[in-house]
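Peer 1: Each chain, letter by letter, is given below.
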Amino acid sequence: GQNIDQPTEMTATEGAIVQINCTYQTSGFNGLFWYQQHAGEAPTFLSYNVLDGLEEKGRFSSFLSRSKGYSYLLLKELQMKDSASYLCAVRGSQGNLIFGKGTKLSVKP
Amino acid sequence: DTAVSQTPKYLVTQMGNDKSIKCEQNLGHDTMYWYKQDSKKFLKIMFSYNNKELIINETVPNRFSPKSPDKAHLNLHINSLELGDSAVYFCASSQVRGYNSPLHFGNGTRLTVT
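Sequence order for the protein chains is A and B.
What the first sequence shows, in our numbering, is residues 864 to 972, in sequence order.
What the second sequence shows, in our numbering, is residues 317 to 430, in sequence order.
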């Protein structure tokens, strides 16, 4: 079966650091993606991990441990515009992305 | 120069009607998808086409019929609409050859069935 878990909601303060965790159990694995989705908009691609370790892209970093079925997205120097839903997704054996239910992040001043 | 475009953006219709949503991508990708996002924001795959060939057909009522006239277009036709069909429908595309190729999403079609 396919199961991707992430917290439903998180709150953080402007300027702080926040870590959004994702655990997965899927029948196939061809990489893990993180997407950002602002309310009423389309999901937009943030990062991709297929090997263990940390990928850094500006204020955003993503980590993967395949043996633990675990990933996290790290957001540094939080800004108000980072308030959005963050979606963890695994690429399955058929090439499509299987999404978790998303984590709604609220950034407060 | 929109990458993935879908129309209409909003669709309000009555139960029992038939409606279509159109999607086009100009990224040269070989795979297109339809996803449904429900009121709890859960994105779920419905269909996937690779070079006009159906690859994925999840457990979706057969009232939903995708059509891909060419690899740049994937339309979704829905017959006999029901209240539970109300959701946001996203079209997406990617290049399957590279597993690191992300999905690019259209802006979504918000379907409301009354």
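Keep in mind that the hints are not guaranteed to be accurate.
[Stated by the list, open to error] List time: in silico DSSO-like cross-link candidates among lysine-lysine, alpha-carbon distance up to 30 Å:
hint: 1; chain 1: B; residue 1: 357; chain 2: A; residue 2: 920
hint: 2; chain 1: B; residue 1: 383; chain 2: B; residue 2: 338
hint: 3; chain 1: A; residue 1: 967; chain 2: B; residue 2: 360
hint: 4; chain 1: B; residue 1: 338; chain 2: B; residue 2: 357
hint: 5; chain 1: B; residue 1: 360; chain 2: A; residue 2: 944
hint: 6; chain 1: A; residue 1: 967; chain 2: A; residue 2: 939
hint: 7; chain 1: B; residue 1: 356; chain 2: A; residue 2: 939
hint: 8; chain 1: B; residue 1: 383; chain 2: A; residue 2: 931
hint: 9; chain 1: A; residue 1: 967; chain 2: B; residue 2: 368
hint: 10; chain 1: B; residue 1: 357; chain 2: B; residue 2: 368
hint: 11; chain 1: A; residue 1: 944; chain 2: B; residue 2: 356
hint: 12; chain 1: B; residue 1: 360; chain 2: A; residue 2: 964
hint: 13; chain 1: B; residue 1: 383; chain 2: A; residue 2: 964
hint: 14; chain 1: B; residue 1: 368; chain 2: A; residue 2: 944
hint: 15; chain 1: A; residue 1: 964; chain 2: B; residue 2: 356
hint: 16; chain 1: A; residue 1: 931; chain 2: B; residue 2: 360
hint: 17; chain 1: B; residue 1: 338; chain 2: A; residue 2: 964
hint: 18; chain 1: A; residue 1: 964; chain 2: A; residue 2: 920
hint: 19; chain 1: B; residue 1: 360; chain 2: B; residue 2: 338
hint: 20; chain 1: A; residue 1: 944; chain 2: B; residue 2: 383
hint: 21; chain 1: B; residue 1: 357; chain 2: A; residue 2: 971
hint: 22; chain 1: A; residue 1: 939; chain 2: A; residue 2: 964
hint: 23; chain 1: B; residue 1: 335; chain 2: B; residue 2: 360
hint: 24; chain 1: A; residue 1: 920; chain 2: B; residue 2: 360
hint: 25; chain 1: B; residue 1: 352; chain 2: B; residue 2: 338
hint: 26; chain 1: A; residue 1: 944; chain 2: B; residue 2: 335
hint: 27; chain 1: A; residue 1: 971; chain 2: B; residue 2: 356
hint: 28; chain 1: A; residue 1: 920; chain 2: A; residue 2: 944
hint: 29; chain 1: A; residue 1: 964; chain 2: B; residue 2: 335
hint: 30; chain 1: B; residue 1: 356; chain 2: A; residue 2: 931
hint: 31; chain 1: A; residue 1: 967; chain 2: B; residue 2: 325
hint: 32; chain 1: A; residue 1: 964; chain 2: B; residue 2: 357
hint: 33; chain 1: B; residue 1: 352; chain 2: A; residue 2: 967
hint: 34; chain 1: B; residue 1: 352; chain 2: B; residue 2: 335
hint: 35; chain 1: B; residue 1: 357; chain 2: A; residue 2: 931
hint: 36; chain 1: B; residue 1: 368; chain 2: B; residue 2: 387
hint: 37; chain 1: A; residue 1: 939; chain 2: B; residue 2: 338
Just so you know, the hints here were simulated from the structure itself, not pulled from any lab data.
Computed from a prediction, not measured in an experiment: that's the story for all the values here.
Peer 1: Please work out if residue 383/B and residue 338/B have their alpha carbons no farther apart than 30 Å.
Peer 2: holds (10 Å)
Peer 1: Verify the proposed pairing of residue 383/B with residue 964/A, using a straight-line Cα cut of 30 Å.
Peer 2: The given pair, whose Cα atoms are some 28 Å apart, holds under the 30 Å limit.
Peer 1: Taking only the CA atoms, is the gap from residue 357/B to residue 920/A under or equal to 30 Å?
Peer 2: Status holds; Cα separation ~26 Å.
Peer 1: Would you check the hint for residue 352/B and residue 338/B, treating anything up to 30 Å between C-alpha atoms as holding?
Peer 2: Status holds; Cα separation ~14 Å.
Peer 1: When you check the alpha-carbon spacing of residue 357/B and residue 368/B, does it fall within 30 Å?
Peer 2: holds (28 Å)
Peer 1: Quick one, are residue 335/B and residue 360/B close enough, alpha carbons at most 30 Å?
Peer 2: holds (20 Å)
Peer 1: Can you confirm whether the C-alpha distance between residue 352/B and residue 335/B stays at or below 30 Å?
Peer 2: holds (15 Å)
Peer 1: Please work out if residue 368/B and residue 387/B have their alpha carbons no farther apart than 30 Å.
Peer 2: The hint holds at about 5 Å.
Peer 1: Quick one, are residue 964/A and residue 356/B close enough, alpha carbons at most 30 Å?
Peer 2: With Cα atoms ~8 Å apart, residue 964/A and residue 356/B stay inside 30 Å; holds.
Peer 1: Within a Cα-Cα threshold of 30 Å, do residue 360/B and residue 338/B meet the stated pairing?
Peer 2: Answer holds: residue 360/B to residue 338/B is near 18 Å, not above 30 Å.
Peer 1: Taking only the CA atoms, is the gap from residue 967/A to residue 325/B under or equal to 30 Å?
Peer 2: Judged against 30 Å, a Cα distance of about 23 Å means the pair holds.
Peer 1: Holds or violated: residue 944/A with residue 383/B, Cα cutoff 30 Å?
Peer 2: violated (37 Å)
In summary, the numbered hints that this structure violates are 8, 9, 14, 20, 26 and 37.
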